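Asks: One-letter residues, chain by chain:
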Amino acid sequence: MALRIRYFAWLRERMGRAEETWRCRRGSAPWGRWPRGCARATMPGWPPSPTCATVRAAVNQTFAPPPAPVQDGDEVAFFPPVTGG
Amino acid sequence: MTPTVRVQAGPFDLAAELAALTAGRTDVGGIGSFIGVVRDDPARPLRSLTLEHYPGMTEAAMAAIAAQAGTRWSLLGCTLVHRVGRLLPGEGIVLVLAAAAAPGAALEATAFLIDWLKTRAPFWKSEQFADGEARWVDAARGR
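Residue numbers (our numbering), protein chains in the order written: chain A, -15 to 69; chain B, 8 to 150.
In case anyone wonders, no lab produced these hints; they're calculated from the structure.
Bear in mind that the values here come from a model prediction, so they are computed numbers and not experimental data.
Certain hints may be false.
As the list claims (entries may be wrong) - Here are the simulated distance ranges between beta carbons:
#: 1; chain 1: A; residue 1: Glu3; chain 2: B; residue 2: Thr33; range: 47 to 55 Å
#: 2; chain 1: A; residue 1: Glu3; chain 2: B; residue 2: Ala67; range: 31 to 39 Å
#: 3; chain 1: B; residue 1: Gly92; chain 2: A; residue 2: Arg9; range: 36 to 44 Å
#: 4; chain 1: A; residue 1: Thr46; chain 2: B; residue 2: Arg79; range: 17 to 25 Å
Ideal Cβ positions, reconstructed from N, Cα and C, are used throughout, including at glycine.
Just chain A, with the same shape it has in the complex (with noise of 0.2 Å):
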């Protein structure tokens, strides 16, 4: 299955890239994966966790702590914790 993954904030400057795809396999999670190409010292947090206070998740739009279920076609973004107002 194929899932468009985003990045935001310093995670999008870090991965040098706004987004891309990831293919799964069907059932599988994405949860523990590594982006291509990052490097774990520059991603503090990574994988994302429900524990994890670096790097946060949604799932089509929508808060989604892993291990949240995904399915194929979703978007997948990853973000730092948000500081908005």
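For this one, chain A is given, so just place chain B on it according to the hints.
Replies: Same frame as chain A, but now just chain B:
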């Protein structure tokens, strides 16, 4: 109540937003308002603040929280405007308006909404300092 929710690059106009919120109605007893402003730090002068959002998700999350506040405080109207892109010290960054029949409800809803916007809404800030350095704002440290 249908909230007004916008993410925009340009400045917002408080008078225009207030007029739109109350247009054609006489049942509003009070309007709570909050305007967030980009604050400079004398200890380390700020050149600009840049905001990023998640188009689609951010607007949907803002609409959902505005609807939730509307139900909880029986709001008659609600406006959330958040700016993105590059902002300068002194510029307005976020606007919250909550209209209700009673002042308590309007003020409580306003406080609830700005707290949510600051801690839960999908926005990310980076600071560009006058000394040339730039950094992403840390959620734990805040700004």
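Asks: Determine for every hint whether it applies to the structure shown.
Replies: Against the structure, the hints:
Taking the beta carbon of each, Glu3/A and Thr33/B are about 49 Å apart, inside 47 to 55 Å as hinted. Take Glu3/A and Ala67/B: their Cβ atoms lie about 19 Å apart, and the range 31 to 39 Å is violated. Taken as a hint, the range 36 to 44 Å holds for the pair Gly92/B and Arg9/A, whose Cβ atoms sit roughly 40 Å apart. Between Thr46/A and Arg79/B the CB atoms are about 21 Å apart, so this pair conforms to the stated range of 17 to 25 Å.
In summary, the one numbered hint that this structure violates is 2.
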